[in-house]
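Quick note, the sequences are listed as chains A and B, same order.
Going by full-length UniProt numbering, the first residue of the first sequence is number 1, and it counts up by one from there.
Going by full-length UniProt numbering, the first residue of the second sequence is number 1, and it counts up by one from there.
Restricting the straight-line Cα-Cα distance to at most 25 Å, the calculated cross-link-like pairs of lysine to aspartate or glutamate (DMTMM-like) are:
no.	chain 1	residue 1	chain 2	residue 2
1	A	K395	B	D372
2	B	K17	A	D280
3	B	K322	A	E399
4	A	K395	B	E318
5	B	K322	A	D329
6	A	K252	B	D23
7	B	K322	A	E251
8	A	K398	B	E318
9	A	K274	B	D27
10	B	K393	A	D278
Please keep in mind that the hints were generated in silico from the structure rather than gathered at the bench.
Note that the coordinates shown come from a computational prediction; the quantities given were computed from them, not determined experimentally.
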Amino acid sequence: MKVLMFGWEFPPHISGGLGTACYGLVKGLVHHKQDIIFVVPKLWGDEEPVADFVNASDVEIDYRETKFIDTWQNLTYLEINSYLVPYLGPQEFEKYTDYTMHHRSDVEESVFSNKYEFSGKYGKNLMEEVARYALVATQIAKSKDHDLIHAHDWLAFPAGIAAKQMSGKPLICHIHATQYDRAGEGGAQGPVYEMEKAGLLAADHVVAVSHLTRNLVIEKYGVDPDRVSVLHNAVLDASIIESKVKKKVPEKIVTFLGRITFQKGPEYFVEAAKKVIDRDPNVRFVMAGNGDLLNRMIERVAELGMGTKFHFTGFLKGQDVDDMYAMSDVYVMPSVSEPFGIAPLEAVRHNTPVIISKQSGVSEVLRNAIKIDFWDVDAMADAIFALLHYQSIAKMFKELGSEELKNLKWEHVAAKLVTVYQKLHQEQP
Amino acid sequence: MRTICFYFQVHQPFRVKPYRFFDIGEDHYYWDDYLNKSVIRKVAQKCYLPMNALLLEMIQQFPGKFKVAFAISGVCLDQFEAYAPDVLDSFRRLVATGQVELLAETDAHALCSLKSKAEFTRMVENHQAKIKRLFNGYEPKVFRNTELVYSDKIGAMVADMGFKGMLTEGAKHILGWKSPNFVYHNSLNPDLKVLLKNFQLSDDIAFRFSDKSWSEHPLTIEKFVNWMNAVPKEQEVVNLFMDYETFGEHQWAETGIFEFMRLLPGAILAHTNFSFSTPSEVLANAKAVAPIQVPIPISWADEERDLTAWLGNDLQNEAFTKLYEVEKRMAEIDDEELQRDWNYLQTSDHFYYMSTKFFSDGAVHAYFSPYDTPYDAFINYMNVLSDFILRVKRYEDAKVATEA
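The shape of chain A in the complex, shown without the other chains (with noise of 0.2 Å):
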């Protein structure tokens, strides 16, 4: 099967999970003999040659085409409001909402352009980026030749419905996490909502990453039951890491790790280590990230009077991630609303025993791991208690963690993903 497909981000310049989940989508459906056609926005040519790469800023568009037309007028919704971006620290956050977008005949102008130049990045320009991307979606639709179309993400479901409207195949969209998972019940507005909708509605198959954001999608979005199938996320590398990283401190470690935002819910991590400190003097708690509530957290934290067991790192990556799982005791994935959540599974791969919340799609996946219910810090409380003090259960985790992560793999996803595929390939008329 030739696939067209159409991403926003692919290692290794990812802002995070969605350029890692495409990556090891596309590798396993390589192993299964499946010729995928990866148009990103902006290649760096240092991508590994896994798909038929297409670079978005490479392609020039025609204006003989009238289909342009239509797809531009299906995108006059873009227009950008604050606050419509999740992605950003809260010192970009605040450059961003104070930013207004120009009278749109220059954006018009801007995305007609013979030749566009995308950042591939989050950033202010990003309703724009995701407009063009569409017009070259059109392009590459008409130019080369595929059976299937799969777009992930909202940011690429403008494409992907644009080369359904020029080739007439059947589409995918892959939905990684959706706006009520970034906004709360807040999410249901504004463009990026929008364009989750049209895509999901638009998509002749939809593919959630749990059962989670299947039951979303189908109760907020308006899918249709019998059109979305789950496929959960793997792990790339499934081996354990050894790390000689000791840490500096005699007492245990309890950490957060990830984006400090609404949808990661920060704020009950930090309650549950007040719970766990006033009680046990031996153990630390770390936040490690950046992120809209990092100053509210901080000031909590101050009030809460633990500044002295509490700590930030601010946003880590590379090395220091690896170095915090492997120095942690425990690892707490406390999302409100999380539609997969990879973070668990690496910090499985260090051997760390993970608290996940029950309102997580890993939590589908993963047994070997305490989950919670996000708001209820009693138990998450008393499970960090647990786990920091009767240590028959982290060394279960330890020995089974590694077998579960086994069992992870996207070549299975792949699998699953083909016969969607095949399924969908076989009832075009």
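Assemble chain B onto chain A, guided by the hints.
Only chain B this time, still in chain A's reference frame:
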């Protein structure tokens, strides 16, 4: 002699209430009274009361002919006294007919036989005393260990306590080619006779009765009578051992399980040459044919018929080890509440809830557990145990202080 020996296990644990680590040192009451009461009342309505009434009716219909045996755990009797005196009365009426035998066991339905002869003996004596008090001076003569746990050593300890016989599982791996339908004797002490559960026929009723995927479903009286007649004629005793909650609780009334049991005695007596006997009668009438060798403990649980449902993972082993670390100290403690909690904390169910076998052996384990996962069960139990150990320590400190 050709006979059927019915034995029913009646047991309910004292389940622990949700107990957080910040309750340690603060809250010393561990038991989920509301949950325990609701379970007892529910099972009373669905199983104990209707089934006891049915058995009484059968006993009266077949005087001197239809007989059964019960082992009622001490922790279950405590709960009957507190929450279901009506159930206790109905058991008393059954025992009063003389066609119902009560068996001895450990008071807390515990696994102490694996750990300590002293604690095992103490628990059995406590259970004996409780039976005597509640059932008009009744003295059990035959022993049934928790979940049919048995080994050569345990059998020898039971013989030392003066019992003439003991019940256990007719596990394939100990029987090999041999049939469970004979009386055997303990390999260390030939005075102790051993009755083995016929797990095929027992589980046909207890587990498969309503299983639509079972090739023999539905199980009719005719079918069961035919199977009994097909038992080779030299084989003497068919031991049908099962949870009493089979009737109405595991197999709902709608499955027809009560009707089946209502028709069974008459059909067996009329259409086969089998009688019904209590374990004591079997032991008195049948000779032991051979010793049974059980060097490694067995039970009636799961496919493996071993102890892994209770002591099969690190969680269970840590909890079990920690618990019995205080055993010796408990002998010195004269405090009613501490002794009660020591007793109730030993109940095997707490360890069963921690089994990770439920990941594979799913349904059965999940069905019985009040917890979402074995990890939750472990954490809760360990919190309680931590507080308990703290109380033991405080008691000892106070004692030293007064003596000084």
